[in-house]
Amino acid sequence: MSELLVKNAYVIDPINRIDGEVMDIAVRDGRIVEDVGPKAEVIDAEGCLTLPGGVDSHTHVCGTKVNFGRYMSPEDMRAGREVRRGVKHATSGYSVPTTYANSYRYALMGYTTLLEGAMAPLEARHTHEEFSATPLQDMMANTLFDGNWGVMKAVSEGDIERVAAIVGWTLSAVKGFGIKLTNPGGTEAWGYGKDLRCIKDEVPHFGVTPAEIIEAMIRACEMLRLPHSVHLHCNNLGTPGNYSCTVGTFNLVPDLNEKRQSLYATHVQFHSYGGSDWKTFCSKAEPVAYTVNNRPQIVIDMGQVMFGKTTTMTADGPMEFNLYRLHHNKWSNHDVELETGSGIIPVLYRKKNLVNSIMWAIGLELGLLVKDPWRCLLTTDNPNGAPFVKYPEIIALLMSKKYRDAEFATVHRRTESRVDLPALDRELDWNEIAVMTRAGQAKALGIVDIGKGHLGIGAEADIAVYPLKVGEIDPAQEYQKVIDGFARAKWTVKRGRPVARDGEILVHGENTTIWVDPKISPERDMSRDPEFTEMFNHWYSVRMSNYPVQDEYLKRHLRMETEAAI
Amino acid sequence: MIHEDMICPFCGCLCDDLVIETEGSEVVRVDNACTLGSHKLMNAGKHRLKAPIMRDGGAWRDASYEEAMEYTAGILLDADRPLLYGWSSTQGEAQGAGVSMAELLGGVIDSTTSVCHGPSILAIQEVGHPGCTLGQVKNRADLIVYWGCNPTEAHPRHMSRYTTYADGYFLENAFRDRKLIIVDVRKTETGSIADEFMQVKPGGDYAVLSALRAIVRGREDVVPPTVAGVTKEQLLRVAALCKEAKFGALFFGVGLTMSPGKYKNVRNAIELVDDLNRYTKWTLTPLRGHYNVYGSNEVFTWMTGYPYAVDFSRQIAFYNPGETTAVDILARQECDAALIVASDPGAHFPKKCLEHLASIPSVLIDPMHTMTTPLVRCQIPVAVTGMDASGTAYRMDGVPIHVKKFLDLGYPTDTEIITKIFEKVTEVRHP
Ligand code: SF4
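Chains as they are written, first to last, in full-length UniProt numbering: chain Y, 1 to 566; chain L, 1 to 431.
Source of the hints: derived by calculation from the structure; they are not laboratory data. Accuracy of the hints is not assured; some may be wrong.
Derived DSS-like pairs (lysine-lysine); straight-line CA-CA distance at most 25 angstroms [as the list claims (entries may be wrong)]:
1. Y:330 - L:262
2. Y:555 - L:232
3. L:232 - L:201
4. Y:330 - L:264
5. L:424 - Y:555
6. Y:194 - L:179
7. L:405 - L:420
8. L:232 - L:187
9. L:232 - L:262
10. L:246 - Y:330
11. Y:88 - L:264
If we take Cβ atoms under 10 angstroms as the criterion, some of the chain L residues that face chain Y in the derived model are [unchecked claim]:
12. 36
13. 283
14. 428
No residue lacks a Cβ here, since even glycine has one placed at the ideal position from N, Cα and C.
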């Protein structure tokens with residue numbers, strides 16, 4: 001039995017409606033309890049800001065694509081080298097750091113739960129291997145279905161139950177968490193070097209449109225009672241004028257779930273562009289945020305861009321090739337048979353670049369214009385908009401108009417006429433930041449009930465104590481203190497065990513992989529469906545029996561079983 | 001007993017449809033594998049070393065596992081610059097344990113990549129890699145190019161599983177609709193079935209690739225009448241075929257990576273594929289040799305940031321191929337102990353390197369007596385992954401496959417042995 005007492009914590013716990021109460025948090029065997037005995041280990045939080053452990057509902061940290069980002073970028077590795085010390089392994093990398101480096105840096109910032117945003121089912125084993133090498137966070141993986149042949153065929157036949165059955169079988173087989181659609185249909189078109197512009201274009205050879213895929217998947221997701229909703233990277237990412245496609249997509253989404261959204265739209269910054277070309281490029285955050293405000297079934301994340309070097313990586317293969325043609329640096333692509341694709345290129349976002357400056361402003365506009373912080377989560381789509389180590393700066397930008405203005409004065413001077421940012425006065429408070437960085441993320445992922453994103457009795461004891469005295473700091477003025485405070489937690493507690501303190505990693509831990517196993521009726525079991533198995537064994541390059549990820553790849557894991565309605 | 005859907009632990013194709021029949025602890029029949037694969041599986045149970053052996057003066061004596069592991073930990077701990085080399089014919093789990101051990105020892109870890117596709121990786125690090133999984137090629141490609149390689153001999157089922165002879169979803173009659181171009185310095189068996197066989201003078205690959213790129217970019221006017229032995233006429237024909245294809249797939253082997261020009265050849269090939277993507281769809285895949293050499297690159301990368309040749313002597317991961325690669329370290333007589341795992345440098349390394357290897361304390365972890373055995377001071381026999389051990393391997397296209405065990409011959413696995421040695425090292429050198 002292990003016990004811990006976090007004393008004198010200034011707690012903000014939005015899920016339990018605690019907003020700034022100084023209290024003690026008692027922990028026994030990794031869970032939060034009413035109280036502990038006198039022998040418990042004690043951490044004195046000294047009245048510092050104490051939040052549930054950070055949750056990142058969209059990041060790229062493990063898997064084939066991420067690892068290829070490292071593989072192709074020794075120059076990036078030279079940027080983040082630290083020596084091996086104590087329990088800490090040597091680390092390398094800045095925008096795509098090594099597995100250990102990702103885990104340590106997230107832990108130092110108080111993050112304890114991460115969702116890898118894109119896992120190709122065929123290559124799931126790789127993601128799980130890296131998960132087991134991630135010591136300090138619980139992990140889950142959204143599973144890519146954007147170009148899934150079985151799904152597209154079932155959609156074209158109008159058989160939503162079959163769509164659900166295929167998704168359910170696949171999630172169980174690859175130990176995935178939720179449904180990810182990246183440029184649905186577009187990644188299949190990219191198989192022959194084409195792309196789709198928006199949701200009404202037809203996927204070549206399959207006779208379906210992205211609109212049909214998205215809607216069918218939303219319904220299938222609810223039939224399977226998955227904890228998380230469909231997680232969508234809209235079509236037409238990164239092109240001028242794409243906001244209309246984004247708004248059109250949002251307007252398609254039915255409201256099917258009382259507990260959470262029906263659609264999680266990711267890195268919406270990249271989808272809120274106006275203008276008809278790069279010369280007329282401008283922000284359309286306002287109409288996008290307006291749509292979100294009016295459609296409670298939608299939750300978005302920002303996909304904030306921050307200036308500097310990074311590596312972009314996405315399952316959206318055609319988009320990366322287009323970006324490569326603009327940047328001419330280097331380009332990797334990796335199409336995955338019958339399922340999806342991906343692309344990687346390094347980028348440098350520059351203040352001197354008008355387009356980049358506008359992109360930076362759009363993310364912040366979304367963060368400020370979406371009224372409900374539960375429905376606009378703070379991300380950079382790590383590392384696409386920026387590496388996650390930039391989160392503290394983004395928090396400060398959202399909390400301080402003064403900081404925004406100071407930064408705005410340094411970006412491309414023509415940005416002013418293309419964006420609304422200077423006109424936005426809103427300054428987010430500590431509670432809203434807590435929502436956008438943990439409570440809201442946990443709720444959107446549907447993992448509150450397993451004890452994530454809050455500090456109530458029974459919750460997982462994932463706790464972050466920041467060296468920030470809320471009453472003594474004015475975040476609107478003293479934004480540097482906000483940045484420093486969020487960059488380095490005073491304590492990070494994972495499952496009841498202190499894992500990081502003041503910039504030091506204390507333990508080599510072990511994570512939990514969270515995955516979803518929908519219980520489907522035997523008639524809908526795809527492993528016995530002749531058409532499905534035939535497709536599998538004929539067109540995949542691996543046998544169906546060799547496809548599922550064996551249990552031994554998940555060291556410690558939490559299986560969330562759902563009662564599917566099929 | 002019949003074992004279905006088994007994985008072949010020989011080449012980077014990692015065929016996963018083998019049917020293996022065993023009687024007791026003998027493999028009596030292997031179906032679906034090529035001759036290389038069946039030969040390995042039919043014989044891997046036979047010529048095994050029974051127990052660890054250690055050198056005793058000029059002769060060998062048997063040793064216990066405990067003694068051999070103790071010796072290994074000892075020489076690694078005593079060394080100033082230990083080299084941990086090999087790793088391409090073992091499971092990912094063992095590779096991971098090897099990296100952790102190299103890190104703690106402040107040693108150098110390298111895989112056989114540095115003597116095969118190392119140059120491909122250098123090229124990828126400069127310009128990227130437009131690739132795909134092999135099923136994508138099988139289902140879509142109407143044009144296949146093999147450059148500087150001979151799949152018939154080295155990857156015998158590559159063409160039947162993934163290219164020329166494979167059914168393709170989008171091709172009505174795959175065999176008839178698919179074109180094959182072979183580029184090589186001599187006509188191999190693969191060359192004789194090609195639609196176009198382009199014979200390049202040795203060392204001329206870079207020039208031929210450049211000529212093709214010029215033509216693809218609309219500058220055929222700069223191309224001379226012949227380039228490295230290839231006529232302009234043929235170059236024009238080949239470039240046209242490449243542009244007309246709906247989906248082209250270029251595979252290349254050590255004929256491109258290890259011939260004059262080395263990584264620049266590969267860079268040029270990648271850039272040709274980039275150029276072609278402006279017209280149609282193209283991908284490129286290095287034909288990786290050992291069944292899990294790509295896995296060593298993957299594991300090293302997520303753990304250290306670099307795919308091979310990682311030097312921990314400064315406590316950080318440092319990477320500089322040409323300096324931190326095994327051949328260079330041996331040639332400079334730099335390392336003072338070596339652990340060789342699942343590879344046979346004795347058969348492949350330059351003489352000068354082997355002389356140094358023979359002069360330092362070294363251990364080989366390998367199931368059988370190999371060309372490296374005479375050079376080392378101790379050998380620890382282990383299970384053969386894909387036969388009496390399971391584990392993860394990465395196919396040449398990056399698809400991770402669980403290689404399965406179907407026999408139990410009582411040998412420990414590479415992972416078990418390396419983990420135990422690592423534990424012994426940890427007892428002395430605390431993390
Ligand atoms: S092609 Fe390679 S993997 Fe396939 S059976 Fe032959 S040796 Fe084994």
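A quick look at each hint next to the structure:
Only pairs whose Cα atoms come within 25 angstroms are accepted, and residue 330 of chain Y paired with residue 262 of chain L is accepted, the gap being roughly 19 angstroms. Taking the CA atoms of residue 555 of chain Y and residue 232 of chain L, the gap is near 58 angstroms; set against the 25 angstroms cutoff, the hint is violated. Between residue 232 of chain L and residue 201 of chain L the alpha-carbon distance is near 14 angstroms, which keeps this suggested pair within the 25 angstroms criterion. With a CA separation close to 15 angstroms, the supplied pair residue 330 of chain Y and residue 264 of chain L stays within the 25 angstroms bound.
A C-alpha spacing of about 24 angstroms is found between residue 424 of chain L and residue 555 of chain Y, which places the hinted pair at or below 25 angstroms, so the restraint holds. Between residue 194 of chain Y and residue 179 of chain L the alpha-carbon distance is near 22 angstroms, which keeps this suggested pair within the 25 angstroms criterion. Taken as a hint, the residue 405 of chain L and residue 420 of chain L pair is honoured in the structure, with Cα atoms around 21 angstroms apart against an allowance of 25 angstroms. In summary, the hint linking residue 232 of chain L to residue 187 of chain L is supported, as the alpha carbons are separated by about 19 angstroms, within the 25 angstroms threshold.
For the proposed pair residue 232 of chain L and residue 262 of chain L, the alpha carbon gap of about 24 angstroms is at most 25 angstroms, so the pair holds. Between residue 246 of chain L and residue 330 of chain Y the CA atoms are separated by roughly 23 angstroms; this keeps the pair inside 25 angstroms, and the hint holds. For the proposed pair residue 88 of chain Y and residue 264 of chain L, the alpha carbon gap of about 38 angstroms is over 25 angstroms, so the pair is violated. Contact between residue 36 of chain L and chain Y, as hinted, is not supported at the beta carbon level, the nearest pair being about 19 angstroms apart and thus beyond 10 angstroms.
The restraint placing residue 283 of chain L at the interface with chain Y holds, with a minimum CB-CB distance near 7 angstroms, inside the 10 angstroms limit. Restraint check, residue 428 of chain L versus chain Y: the minimum CB separation of about 16 angstroms is more than 10 angstroms; hint violated.
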